[in-house]
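Residue numbers (our numbering), protein chains in the order written: chain A, 1 to 379; chain B, 1 to 196.
Just so you know, the hints here were simulated from the structure itself, not pulled from any lab data. There may be inaccurate statements among the hints.
To be verified - No more than 27 Å apart at the CA atoms, straight line, and that leaves these computed lysine-lysine pairs for BS3-like:
id: 1; chain 1: A; residue 1: K75; chain 2: A; residue 2: K93
id: 2; chain 1: A; residue 1: K75; chain 2: A; residue 2: K220
id: 3; chain 1: B; residue 1: K49; chain 2: A; residue 2: K289
id: 4; chain 1: B; residue 1: K36; chain 2: A; residue 2: K21
id: 5; chain 1: A; residue 1: K220; chain 2: A; residue 2: K249
id: 6; chain 1: B; residue 1: K104; chain 2: B; residue 2: K36
id: 7; chain 1: A; residue 1: K220; chain 2: A; residue 2: K289
id: 8; chain 1: A; residue 1: K342; chain 2: A; residue 2: K185
id: 9; chain 1: A; residue 1: K185; chain 2: A; residue 2: K75
id: 10; chain 1: A; residue 1: K342; chain 2: B; residue 2: K49
id: 11; chain 1: A; residue 1: K185; chain 2: A; residue 2: K289
id: 12; chain 1: B; residue 1: K49; chain 2: A; residue 2: K93
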Amino acid sequence: MPTVFAEDSVGLVSPQVLHFKEPLPLACGRQLADYELVYETYGTLNAERSNAVLICHALSGHHHAAGYHSPDDRKPGWWDSCIGPGKPIDTRKFFVVSLNNLGGCNGSTGPGSRNPDTGRPYGADFPVLTVEDWVHSQARLADALGIEQWAAVVGGSLGGMQALQWSISYPERVRHCLVIASAPKLSAQNIAFNEVARQAILTDPEFHGGHFQEQGVVPKRGLMLARMVGHITYLSDDAMGEKFGRELKTDQLNYDFHSVEFQVESYLRYQGEEFSGRFDANTYLLMTKALDYFDPAAAHGDDLVQTLTPARADFCVISFSTDWRFSPARSREIVDALVAAKKNVSYLEIESAHGHDAFLIPSPRYIQGFGRYMNRIAV
Amino acid sequence: MRADLEIIQEWIPAGSRVLDLGCGNGELLAWLREHKQVHGYGLERDPDKIAQSLERGVNVIEQDLDLGLDHFGDDSFDVVVMTQTLQAVHYPDRLLRDMLRVGKTCIITFPNFGHWRCRWYLLRRGEMPRSDFLPYTWYNTPNIHFCTFRDFEALCREQQLRVLDRLAVDRDHRLHALTRLWPNLLGEIGIYRVTR
Numbered sequence: 001m002p003t004v005f006a007e008d009s010v011g012l013v014s015p016q017v018l019h020f021k022e023p024l025p026l027a028c029g030r031q032l033a034d035y036e037l038v039y040e041t042y043g044t045l046n047a048e049r050s051n052a053v054l055i056c057h058a059l060s061g062h063h064h065a066a067g068y069h070s071p072d073d074r075k076p077g078w079w080d081s082c083i084g085p086g087k088p089i090d091t092r093k094f095f096v097v098s099l100n101n102l103g104g105c106n107g108s109t110g111p112g113s114r115n116p117d118t119g120r121p122y123g124a125d126f127p128v129l130t131v132e133d134w135v136h137s138q139a140r141l142a143d144a145l146g147i148e149q150w151a152a153v154v155g156g157s158l159g160g161m162q163a164l165q166w167s168i169s170y171p172e173r174v175r176h177c178l179v180i181a182s183a184p185k186l187s188a189q190n191i192a193f194n195e196v197a198r199q200a201i202l203t204d205p206e207f208h209g210g211h212f213q214e215q216g217v218v219p220k221r222g223l224m225l226a227r228m229v230g231h232i233t234y235l236s237d238d239a240m241g242e243k244f245g246r247e248l249k250t251d252q253l254n255y256d257f258h259s260v261e262f263q264v265e266s267y268l269r270y271q272g273e274e275f276s277g278r279f280d281a282n283t284y285l286l287m288t289k290a291l292d293y294f295d296p297a298a299a300h301g302d303d304l305v306q307t308l309t310p311a312r313a314d315f316c317v318i319s320f321s322t323d324w325r326f327s328p329a330r331s332r333e334i335v336d337a338l339v340a341a342k343k344n345v346s347y348l349e350i351e352s353a354h355g356h357d358a359f360l361i362p363s364p365r366y367i368q369g370f371g372r373y374m375n376r377i378a379v
Numbered sequence: 001m002r003a004d005l006e007i008i009q010e011w012i013p014a015g016s017r018v019l020d021l022g023c024g025n026g027e028l029l030a031w032l033r034e035h036k037q038v039h040g041y042g043l044e045r046d047p048d049k050i051a052q053s054l055e056r057g058v059n060v061i062e063q064d065l066d067l068g069l070d071h072f073g074d075d076s077f078d079v080v081v082m083t084q085t086l087q088a089v090h091y092p093d094r095l096l097r098d099m100l101r102v103g104k105t106c107i108i109t110f111p112n113f114g115h116w117r118c119r120w121y122l123l124r125r126g127e128m129p130r131s132d133f134l135p136y137t138w139y140n141t142p143n144i145h146f147c148t149f150r151d152f153e154a155l156c157r158e159q160q161l162r163v164l165d166r167l168a169v170d171r172d173h174r175l176h177a178l179t180r181l182w183p184n185l186l187g188e189i190g191i192y193r194v195t196r
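Required output: the full structure, derived from the provided sequences and hints.
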């Protein structure tokens, strides 16, 4: 039992909850009258309130980004490799805020929460949210915490989209914007993968039109399939080849369809199983829609340069060589638009074998570049 | 600041937009930002140099110059700078054309292969010149496109570019009276300012 945590760990942390009573108008036209956000903080807010960093999570992420909830925890938070004393987001310097987004299934108000209008869980009646909606809700969290301006807003993948949206929606409230393994909008291929994932969930007989909770069941099979297809897109061909190759779990081929024969099958099933036990199907649908809908340039005649013109932050964009979900070329679109909009921007294209997942893996070059950028941020 | 950068900065107007190809540790851009309110970006591919640039707070974009400058729009910079890199790219002619597409003027420095020491080395030993200044063997060198001042100027003529300024200096970037007389023989490094 690790009662003593590593020196570069934020150690024991506990989530907090804030209740918001002012209605939040949403892009879909509806509003959330009342909602809660669960979040964690690491480090200390300085007297000038100038050292706050917001962490935006990706599709399956949540508020628990660093440290441990209990000394018995087997694993730390999902971005523990990058948050802590001496890590790129150094908690000796920064006050880090990490929340579970609205619509999530880790404590913030979402499809699993009680709908005040009906007294039953929202389920499918929970409004479809957008990245912009999230950013507005995060701004209210900042207000509540007394943070006028973030030293930095940081996110990977879908989290990177939120960081980018922050720089557009609240230009004066972001000094630095770090957009990692992300894209200015999804490609048709990206949307296609999301649609396969959604269909897996929607066609699961246990889904019950999104009201499975009331039936006391979980569309496990659909969620598992959705995660399996998603997971394939997070890894590179090389990474999969290296990790599993054609290695068999069995001694010989069974010539049937039921056995788990290849290691990669076993791995995907395990990932799917594990995920379907902890994640909400409606949240998964909602997250993929938020991804699909994200396209800040759409409101500006598809002109990303014009879209980014109001931004006042300095930017750091990072991509990974084998990421084919959000390839380096997609990050470069953001960089090129920022250069054309005369913004300060640095760009790193990190050699990595780990595909999209690379943004969660502490490879030396990534940590070095990320850390150097964070280092120079004045607080 | 590095001696060649000291010379170059004089050719860069205050408040201009600058693209530095192969920006190294970001020294030039950091200096220009501080002293001349220049808004600049550097392209670099060496991870350690990129890290140094980041630390300086310089805008550094990780990119291999051999991929060209397609990412940048026409006339998006006042000055495009490239120091000691022309000889190391795959297509110096295409890059030069590209530099003058995205920038109004270009400042380029490169080692002069027509320097008397190179000529003497080749004449006397019949081998590719090596020195402490250019220490590489022919088969293991980043410098794959050496040229002389005369060669470079011929390329400029071919691309209908105008040479606005030319300095021929020694390896320590000092000017000498004799070098002015016979630059292609006595100059070790050329510093050119070129425009369309």
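Evaluation of the provided hints:
1. Using a Cα cut-off of 27 Å, the hinted pair K75(A) and K93(A) holds, with the two alpha carbons roughly 24 Å apart.
2. A distance of roughly 24 Å separates the Cα atoms of K75(A) and K220(A); the hinted pair therefore holds under the 27 Å criterion.
3. Simply put, K49(B) and K289(A) have alpha-carbon atoms about 40 Å apart, too far for the 27 Å limit, and the pair is violated.
4. For the proposed pair K36(B) and K21(A), the alpha carbon gap of about 51 Å is over 27 Å, so the pair is violated.
5. Between K220(A) and K249(A) the alpha-carbon distance is near 24 Å, which keeps this suggested pair within the 27 Å criterion.
6. Under the criterion of a C-alpha separation no larger than 27 Å, the hint pairing K104(B) with K36(B) is consistent with the structure, at around 18 Å.
7. Annotation: proposed proximity of K220(A) to K289(A) holds, straight-line Cα distance about 20 Å (limit 27 Å).
8. This hinted pair checks out: K342(A) and K185(A) have alpha carbons roughly 21 Å apart, not beyond 27 Å.
9. Of the supplied pair hints, the one linking K185(A) and K75(A) is violated, its CA atoms being roughly 32 Å apart against a limit of 27 Å.
10. Between the alpha carbons of K342(A) and K49(B) the distance comes to roughly 23 Å, so the proposed pair stays at or under 27 Å and holds.
11. With a C-alpha separation of about 12 Å, the suggested pairing of K185(A) with K289(A) holds against the 27 Å cut-off.
12. For the proposed pair K49(B) and K93(A), the alpha carbon gap of about 25 Å is at most 27 Å, so the pair holds.
When the structure is compared with the earlier hints, violations turn up for hints 3, 4 and 9 and for no others.
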